[in-house]
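The primary structure of each chain is shown beneath.
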Amino acid sequence: MTQAVPALPAPATTAISRRTLVRLGAGAAAIVAIVMYKITRGQDVPTWLDLHVQRHAQGAYHWITQNTGRNLVLDAIKSIGTGITWCVKRALSLLRVLHWTGVIALVFAIGYMRAGLRTAVFAAAAIFAVGLCGYWDLTMITLSIMTVAVALAMLIGVPLGIWSGLSDGAERRLRPILDTAQVMPAYVYLIPCVAFFGIGIPAAVVATLIYSVPPAVRLTSLGLRQVPVVSTEVGRSFGSTGPQLLGKVQLPLARRTVLLGLNQVIMMAFGIVVIASQIGTGDVGGVVLAGLQKLDAKLAFSGGFSIVFAAIALDRITTGERALRHGRPVTVWIVDRRRMWAAGLGVVVVAALGAKVLSVQDFPSWRVGLGSWAKSAIDWLNKHARHGVPLIGGTDSINTFFVRDVLNPIRGVLQSAAWWLVVVFFAVIGWISKGWRLALLCALALIGIAAMNNWDLAMDTLSQVLVAVVISVSLAIPIGIWSGRSRWLETALRPFLDTAQVLPQFVYLVPVVFLFNVGRTPGVIAAVIYALPPGIRLVSLGLKEVPYAPREAAISFGATPRQELLKVQLPLAFKAIMLGINQVILMVLATVIIAGLIGGGALGLEALGGFTKPNLKMGDGVAAGVSIVLLAMILDRLTQAWGNRSAPENRKS
Amino acid sequence: MGKQVGAGESQIVNSPRILGAKGENMSTRIRTSVRFAATAVALAVVAVACGDDSKSSDATGAAGTQAATGGTTAPAPAGTNPAAAASGAGIKLAVNPWTGSAVNANVAKVVLESKLGTPTELVALDENAAWVGLDAGDLDANLEIWPSGHAADHKTYIEEKKSVVDLGLLGPSAKIGWYVPSFVIDQHPELKTWEGFKDTTLAKLFATAESGDQGQFLMGDPSYVTYDEQIIKNLNLPLKYTVAGSEAALITAIQQAETDQKPLLLQFWQPHWLQSKVKLTQVELPSVTDVCLASAAAADGKYACDYPVDELYKAANAGLEAKNKAAFDFLSKFQLTTDQQNEIAAMVDSDGQTPDAAAKAWVDANPDIVNAWLG
Numbered sequence: 001m002t003q004a005v006p007a008l009p010a011p012a013t014t015a016i017s018r019r020t021l022v023r024l025g026a027g028a029a030a031i032v033a034i035v036m037y038k039i040t041r042g043q044d045v046p047t048w049l050d051l052h053v054q055r056h057a058q059g060a061y062h063w064i065t066q067n068t069g070r071n072l073v074l075d076a077i078k079s080i081g082t083g084i085t086w087c088v089k090r091a092l093s094l095l096r097v098l099h100w101t102g103v104i105a106l107v108f109a110i111g112y113m114r115a116g117l118r119t120a121v122f123a124a125a126a127i128f129a130v131g132l133c134g135y136w137d138l139t140m141i142t143l144s145i146m147t148v149a150v151a152l153a154m155l156i157g158v159p160l161g162i163w164s165g166l167s168d169g170a171e172r173r174l175r176p177i178l179d180t181a182q183v184m185p186a187y188v189y190l191i192p193c194v195a196f197f198g199i200g201i202p203a204a205v206v207a208t209l210i211y212s213v214p215p216a217v218r219l220t221s222l223g224l225r226q227v228p229v230v231s232t233e234v235g236r237s238f239g240s241t242g243p244q245l246l247g248k249v250q251l252p253l254a255r256r257t258v259l260l261g262l263n264q265v266i267m268m269a270f271g272i273v274v275i276a277s278q279i280g281t282g283d284v285g286g287v288v289l290a291g292l293q294k295l296d297a298k299l300a301f302s303g304g305f306s307i308v309f310a311a312i313a314l315d316r317i318t319t320g321e322r323a324l325r326h327g328r329p330v331t332v333w334i335v336d337r338r339r340m341w342a343a344g345l346g347v348v349v350v351a352a353l354g355a356k357v358l359s360v361q362d363f364p365s366w367r368v369g370l371g372s373w374a375k376s377a378i379d380w381l382n383k384h385a386r387h388g389v390p391l392i393g394g395t396d397s398i399n400t401f402f403v404r405d406v407l408n409p410i411r412g413v414l415q416s417a418a419w420w421l422v423v424v425f426f427a428v429i430g431w432i433s434k435g436w437r438l439a440l441l442c443a444l445a446l447i448g449i450a451a452m453n454n455w456d457l458a459m460d461t462l463s464q465v466l467v468a469v470v471i472s473v474s475l476a477i478p479i480g481i482w483s484g485r486s487r488w489l490e491t492a493l494r495p496f497l498d499t500a501q502v503l504p505q506f507v508y509l510v511p512v513v514f515l516f517n518v519g520r521t522p523g524v525i526a527a528v529i530y531a532l533p534p535g536i537r538l539v540s541l542g543l544k545e546v547p548y549a550p551r552e553a554a555i556s557f558g559a560t561p562r563q564e565l566l567k568v569q570l571p572l573a574f575k576a577i578m579l580g581i582n583q584v585i586l587m588v589l590a591t592v593i594i595a596g597l598i599g600g601g602a603l604g605l606e607a608l609g610g611f612t613k614p615n616l617k618m619g620d621g622v623a624a625g626v627s628i629v630l631l632a633m634i635l636d637r638l639t640q641a642w643g644n645r646s647a648p649e650n651r652k653s
Numbered sequence: 001m002g003k004q005v006g007a008g009e010s011q012i013v014n015s016p017r018i019l020g021a022k023g024e025n026m027s028t029r030i031r032t033s034v035r036f037a038a039t040a041v042a043l044a045v046v047a048v049a050c051g052d053d054s055k056s057s058d059a060t061g062a063a064g065t066q067a068a069t070g071g072t073t074a075p076a077p078a079g080t081n082p083a084a085a086a087s088g089a090g091i092k093l094a095v096n097p098w099t100g101s102a103v104n105a106n107v108a109k110v111v112l113e114s115k116l117g118t119p120t121e122l123v124a125l126d127e128n129a130a131w132v133g134l135d136a137g138d139l140d141a142n143l144e145i146w147p148s149g150h151a152a153d154h155k156t157y158i159e160e161k162k163s164v165v166d167l168g169l170l171g172p173s174a175k176i177g178w179y180v181p182s183f184v185i186d187q188h189p190e191l192k193t194w195e196g197f198k199d200t201t202l203a204k205l206f207a208t209a210e211s212g213d214q215g216q217f218l219m220g221d222p223s224y225v226t227y228d229e230q231i232i233k234n235l236n237l238p239l240k241y242t243v244a245g246s247e248a249a250l251i252t253a254i255q256q257a258e259t260d261q262k263p264l265l266l267q268f269w270q271p272h273w274l275q276s277k278v279k280l281t282q283v284e285l286p287s288v289t290d291v292c293l294a295s296a297a298a299a300d301g302k303y304a305c306d307y308p309v310d311e312l313y314k315a316a317n318a319g320l321e322a323k324n325k326a327a328f329d330f331l332s333k334f335q336l337t338t339d340q341q342n343e344i345a346a347m348v349d350s351d352g353q354t355p356d357a358a359a360k361a362w363v364d365a366n367p368d369i370v371n372a373w374l375g
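Going down the list, the sequences are from chains A and B.
The first sequence begins at 1 in our numbering and counts up by one.
The second sequence begins at 1 in our numbering and counts up by one.
Keep in mind that the hints were calculated from the coordinates and are not lab data.
Source: prediction; values computed, not measured.
Reference listing, derived: stretches of chain A covered by chain B, where coverage requires no fewer than 3 residues with Cβ under 8 Å from a Cβ of chain B:
no.: 1; stretch: 269-283
no.: 2; stretch: 595-607
no.: 3; stretch: 611-621
Listed next, the in silico DSSO-like pairs over lysine-lysine satisfying Cα-Cα at most 27 Å (straight line):
no.: 4; chain 1: A; residue 1: LYS78; chain 2: B; residue 2: LYS161
no.: 5; chain 1: B; residue 1: LYS192; chain 2: B; residue 2: LYS277
no.: 6; chain 1: B; residue 1: LYS204; chain 2: A; residue 2: LYS383
no.: 7; chain 1: B; residue 1: LYS262; chain 2: A; residue 2: LYS375
no.: 8; chain 1: A; residue 1: LYS383; chain 2: B; residue 2: LYS277
no.: 9; chain 1: B; residue 1: LYS323; chain 2: B; residue 2: LYS360
no.: 10; chain 1: B; residue 1: LYS277; chain 2: A; residue 2: LYS298
no.: 11; chain 1: B; residue 1: LYS279; chain 2: A; residue 2: LYS383
no.: 12; chain 1: B; residue 1: LYS192; chain 2: B; residue 2: LYS204
no.: 13; chain 1: A; residue 1: LYS375; chain 2: A; residue 2: LYS298
no.: 14; chain 1: B; residue 1: LYS279; chain 2: A; residue 2: LYS298
no.: 15; chain 1: B; residue 1: LYS162; chain 2: A; residue 2: LYS78
no.: 16; chain 1: B; residue 1: LYS333; chain 2: B; residue 2: LYS155
no.: 17; chain 1: B; residue 1: LYS323; chain 2: A; residue 2: LYS89
no.: 18; chain 1: B; residue 1: LYS302; chain 2: B; residue 2: LYS155
no.: 19; chain 1: B; residue 1: LYS262; chain 2: A; residue 2: LYS383
no.: 20; chain 1: B; residue 1: LYS279; chain 2: A; residue 2: LYS375
no.: 21; chain 1: B; residue 1: LYS262; chain 2: B; residue 2: LYS198
no.: 22; chain 1: B; residue 1: LYS155; chain 2: A; residue 2: LYS78
no.: 23; chain 1: A; residue 1: LYS375; chain 2: B; residue 2: LYS277
no.: 24; chain 1: A; residue 1: LYS298; chain 2: B; residue 2: LYS262
no.: 25; chain 1: B; residue 1: LYS279; chain 2: B; residue 2: LYS175
no.: 26; chain 1: B; residue 1: LYS333; chain 2: B; residue 2: LYS360
no.: 27; chain 1: A; residue 1: LYS78; chain 2: B; residue 2: LYS323
no.: 28; chain 1: B; residue 1: LYS240; chain 2: B; residue 2: LYS302
no.: 29; chain 1: B; residue 1: LYS192; chain 2: B; residue 2: LYS279
Think of the CB as a built atom: it goes at the ideal place given N, C-alpha and C, for glycine as much as any other residue.
Here chain A stands alone, though its shape is the one from the complex:
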């Protein structure tokens, strides 16, 4: 750990000569690459490389189908499912006993305790809005499933995050597992989850858990790693033991980042509600599906907004502290806190009993036509945005342009290039980025994809991911910088970011299809919508985490705001920004995969086979899923390497 003083510009002469050298090298490499591409194009993956993963995975799944209910280990796993169902039913009973009044009071009380009146009112209003959407009880089922899944995710994720934050080896070992959990399409493991844990709630909780645990681990680890060395040194010099240091210094200081992890866990968990409702949870996700299947935008959005409001409420009361004045807790409360908890509990009980006494147990029939508004908005867009828009022509012609002039050429090059040339190409990029280790990793991952026997599909997916990432990053960085420096923008953006991240992708996939036709374009657009929020958030968080001292120093040396941003804030926030880009890439990939449902084809459609025809295509699904994970690893490691390369500490050496 070095003391980071903003890097001084290197002496001009060496910079120029080095730059010229690099440029010449890059030019030469490009020419070589193009010549090689022309000569060797069309060379396919040899058949001997095929590992027949499809056949083996299908065999394994067949074994599972033939042994469920007949095998002790499988029975033991299934009893975990029973335990999960018990927990969810308890949580649901509690929510139902509280009635709507008690639930609102509970949200208010927790919000007030944790973050003050404003957050409390906001969160209570959000949960009240759930009722206004018309699906109170179904949303309570969702909420109980989510609560259990999120609690389990934190119980598993935070200890793993601590382990990974304290030990580099652990981080290295956990990383591929986390990548797999986050990137493997839910459609691949949903049916196996059902086979292992039982239909409905248990399978849904496990699937949600798998998908949402990575941010808990990642951000806990990041939080610990961001604790200033000085603080741990001070703790050590006062004689703290390891656990003391962790409990009294490192974790409290990492708290904000861990809470951001909780926030991300909740957001991810809610993202899977609709998919999970396909396996029999009987919750509000089913409303969204029914709406889509009946082409009823009103129904789909009413269900979708119920999920959004529930997620927002949960998010605010769990991470509301961040909204406090400059991150400083209001100390006045500390003494009174316990009494306030008791008071809060009292309010909740009174509210719950009140509903019973006044016999208004069910949410009243007040409704707000959010669904209808959304439907009108979509109808308007359909009517006016598709054709005849001045200058751009409309979404229809954008789609044509996108497919013919952007996606097709990129896919064409990737698919027609000799497969080994692509391997070499990525290995070279890896080597330049970090060294031979990364080169080897890139090469092996690509050879792995070739061995899954779906090279062309992977190249198709890669082309879609590249396009969506370029668009997302070029939007996320400026917006994130701006919102990191402007409090009002951050506040104004927050509801949109929350909505975009939590609104089930399914809800907007179909409107996007309406605008851009069935095909790859709507998938790319949906990916951008989904990947922007974490990108913007992490960029802006990174800027805000930059300590004030170096900024002040820069200002006192007469730096303009622009200089301060470019030379101080951005370099110091680099790690967080790269984490943001990294998340963008993983989320883009996730959406491009889900876009298999709307004509994106490629690996996404193949992965869907595990869900739509498990006894025929589970193997295809697994092979596609593994290819997706390998693809994600390449993209992830490369961006990470770029991040570390240009980070200030490395630049000095």
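Knowing the structure of chain A, use the given hints to seat chain B on it.
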């Protein structure tokens, strides 16, 4: 790591934990008593919650049904407790995400509860998840299975593992086929049969950005059986096979084609609620021959016929007969004709009734049919 000395110090000072430590000593006594009270209240609430369990699990089932059918009314009817004379174990029926399935399951539920006193829970879920549920006994029966999409499941669970049993035909038949919006036929009557698509200029009417120069053939939900690629290749048609990926995307494409009056060729099926809202015409393909059936069975890629008719069937968990003989016998005999199913489905799709209400009304109006199932 770009962290500064000053920042580190200020973070320590601001840390809530460390400030809190001072307060803790002062209020230990209050804290203990409050904690005790809080725990007691929480336990009491949980106890009440537990007492409510039978009712709430029942309501979960009811809610599931509503989600499946997309009922727009607010849910949360507390469990409609079945007839007091409950005989036999309760059963769970699958409701797959289409109206026909909801209709069958709800009619069966009404009969099971009112005539046989069997508490019945409906579980809304995807058809493939339903097979896994049937296998494990998480579900007792699924009353509408389209055979063409589930040959592998039939083989895995019914023939090999014998954990699921075939309960016989449901009655109605279904049909997958090639469809175009009817206005396309009005403009180009020769597209009524597959031979019309041999004409490259006509086929090109169906081109999209994704299909390039060729006409686009749109396959929808990947859980359906598809011979389309083979048919296109073996009949030598200038079409490009593309997959929409889901029923929702497919019907969006239909709606869009209808709005724009733009030609669209797709795989679709009957019965489907959209058939009564949008005029679609089935394209004639060569009729089904034994050669085609043989090549379908052999999966040799030589299929070049229309889709065979789907005779819908029922399936149950193998343990159902032992668990509840009366329910098993009833479900085996349970059958609806195409007309009957359409009639009840129309009460839901066109008249806006809930499947539950439609089923009750229909069962009340048709005692003879119901008694035949029970006899």
